[in-house]
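Make a model of the complete structure from these sequences and hints.
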Amino acid sequence: MQTIFEKSVTGRSACQIQKPMSEETELKEFRLTLDLPELSELDIVRHYTALSKRAFGVDDGFYPLGSCTMKYNPKINELACNLEGFTQSHPLDETENMQGTLEVIYSTQEYLKEVTGFTGLTLEPTAGAHGELTALMMIKAYHLDRNDTKRKKILIPDSAHGTNPASAAMCGFECIEIPSDKDGYVDLAKLSELVNDETAGLMLTIPNTVGLFDKNILEISKILHEKGALLYMDGANLNAILGIVKPAEMGVDLMHINLHKTFSTPHGGGGPGGGFVGCVKDLEAYLPAQRVVKDGDNFKLDSNFPKSIGRVRAFFSNFGVIVRAYTYMLSLGKEGTQRIGRYATLNANYIRVKLSQYYNLPHKVNCMHEVVFNDEVQAQYGVSTMDIAKRLLDFKYHPPTIYFPLIVHGALMIEPTETESKQTMDEFIDVMIQIAHEAKASPQMLHDAPHTTVVKRVDAVKAARNPVIVCNMCCS
Amino acid sequence: MKNYNIQDALFYTKEHEWVKIDGSHATVGVSDYAQDLLTDVVFVELPNVGKEVKQFGQACVVESVKSVSDVYSPVSGKVTEINKDLESAPELINNDPYGKGWIYKLEGVNESEKSNLMDATKYKEFIAGLAH
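Chains as they are written, first to last, in this note's numbering: chain A, 31 to 506; chain G, 134 to 265.
I should point out that these hints are in silico values taken from the structure, not numbers from a laboratory.
As the structure is a computational prediction, the values presented were derived from the model and not from experiment.
Among the clues, some could well be false.
Dumping the calculated DSSO-like pairs for lysine-lysine here, alpha-carbon to alpha-carbon at most 30 Å [what the hints assert, rightly or not]:
hint: 1; chain 1: A; residue 1: LYS212; chain 2: G; residue 2: LYS255
hint: 2; chain 1: A; residue 1: LYS170; chain 2: G; residue 2: LYS187
hint: 3; chain 1: G; residue 1: LYS199; chain 2: A; residue 2: LYS394
hint: 4; chain 1: G; residue 1: LYS135; chain 2: A; residue 2: LYS470
hint: 5; chain 1: G; residue 1: LYS211; chain 2: A; residue 2: LYS183
Set out below in structure tokens:
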């Protein structure tokens with residue numbers, strides 16, 4: 031397929047600007063210096079329509095990308111956030127003119143406090159890692175405020191998302207890795223050994239990235255708190271326990287919540303997202319500065335928090351994301367919310383059991399919302415996780431997350447989410463079984479997969495070793 | 134379990150680096166096991182010549198298609214030479230981890246630090262014991 035630059039024909043344009051002759055000439059000359067593609071409106075429409083047909087999203091098919099919670103995003107969310115009262119609201123307007131907008135922000139905040147058990151919450155961070163950084167800044171501010179200046183170390187399990195050590199390093203902490211025990215949980219003995227008066231906190235993903243709920247969580251929070259360290263929960267996997275467990279009651283001091291995962295707001299392509307941070311009473315003072323507070327029947331903005339870490343985002347964060355998440359919360363209600371985690375867990379375990387005869391399970395226990403297999407069985411035929419993932423493309427499935435978590439060699443991490451039907455999962459399971467048979471019978475066919483896609487197997491190694499970053503059209 | 138090439142004359146770390154100690158000089162690289170685990174290496178961020186490294190301290194970075202990993206120095210010393218060939222041919226680490234895939238050389242090495250490392254026999258036992 032040609033790029034839009036390659037389709038360009040000199041002199042062609044999609045519109046005529048009605049301006050006096052002199053200005054039009056100037057504009058035309060200016061435009062020519064910009065190296066923009068020249069196409070008719072029809073050319074442009076066809077180009078992007080063709081591209082959109084080659085894209086793949088949850089609305090196209092099953093998307094079991096582990097750790098990403100690619101659940102269906104109900105269309106009623108779009109309806110709500112496109113209401114004129116929201117689309118026409120301006121962040122610099124007088125607060126009395128945007129009471130509805132502020133009410134949605136306030137109510138979303140209160141709802142999230144209720145389901146997490148936290149007393150304080152900020153809606154400013156706009157991505158998971160942004161939430162991590164915000165929380166770490168709060169942890170830092172908390173310790174420094176108590177003149178506890180020695181706490182420069184953050185503990186991170188070896189199964190953690192890569193963003194955890196990145197955020198901690200960004201915030202000036204030294205990262206210390208904690209090994210997992212053979213069952214995939216935090217090694218308690220090692221944790222006790224590592225926590226001391228230099229530990230600022232532990233960043234823990236619950237359930238963890240192997241899809242397991244750490245049964246020792248109360249013990250973990252106790253070990254930390256006894257030594258004055260804080261427990262931060264990476265909420266990437268909150269979907270599995272939403273409405274069932276309140277993180278604050280497990281001893282978690284602060285956590286981030288990915289609205290674009292758990293609360294059905296769109297994600298992919300880098301956003302927009304929501305990585306809101308909740309915290310316990312002792313940390314409230316350090317939350318980002320601008321907060322929406324209730325004053326009688328009205329809502330107002332309050333920035334008078336002297337110990338706050340300051341603002342981490344302009345205006346009202348990704349407001350459209352807040353409206354979508356709020357709509358989702360109201361659509362589900364309390365009972366609906368409690369079904370999310372149960373169905374997500376049931377679906378992952380259904381796939382786990384159905385595929386366990388065909389693929390190796392490194393941790394042979396019940397999982398939560400996602401299940402991690404690996405390629406140990408297929409490796410004896412020379413077939414890798416990459417081959418399996420590429421072959422899935424031939425069957426119009428988005429492949430699962432692969433080679434993560436790093437502690438599982440050749441990991442294949444499947445997260446079906448609660449929004450998929452048994453029929454969809456059965457079809458996927460049949461395909462996975464077929465691929466397991468193919469691995470034995472015709473490994474070469476899997477090495478060459480995908481066979482039916484527009485772009486065949488790309489040479490990722492060559493691309494990384496010899497990246498061509500100069501475009502032939504305009505940079506030559 | 135694959136058959137890994139573990140060379141007898143070298144010493145190894147738990148993080149899978151190897152070191153060849155020659156009096157107060159040493160050469161450092163990553164083991165065959167490490168290169169297999171990393172998969173295709175696509176970039177090596179070499180240390181600067183003159184850099185002082187500590188035993189088990191971070192020395193440089195190796196990047197594969199799969200991950201970015203720190204290389205920890207098996208012994209302390211001062212970097213005297215780096216393998217510039219890795220800049221244009223990082224695959225040398227995969228193809229020849231103990232030969233052309235060496236990463237850096239050190240001087241001022243204290244041979245007694247060997248006692249904190251594994252010899253080939255111990256290292257073979259160590260990787261055999263790792264969950265795979």
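Hint check:
1. LYS212(A) <-> LYS255(G): Within the cut-off at roughly 21 Å; holds.
2. LYS170(A) <-> LYS187(G): 28 Å, holds
3. LYS199(G) <-> LYS394(A): With Cα atoms ~25 Å apart, LYS199(G) and LYS394(A) stay inside 30 Å; holds.
4. LYS135(G) <-> LYS470(A): Distance ~19 Å between LYS135(G) and LYS470(A) Cα, so the pair holds.
5. LYS211(G) <-> LYS183(A): 27 Å, holds
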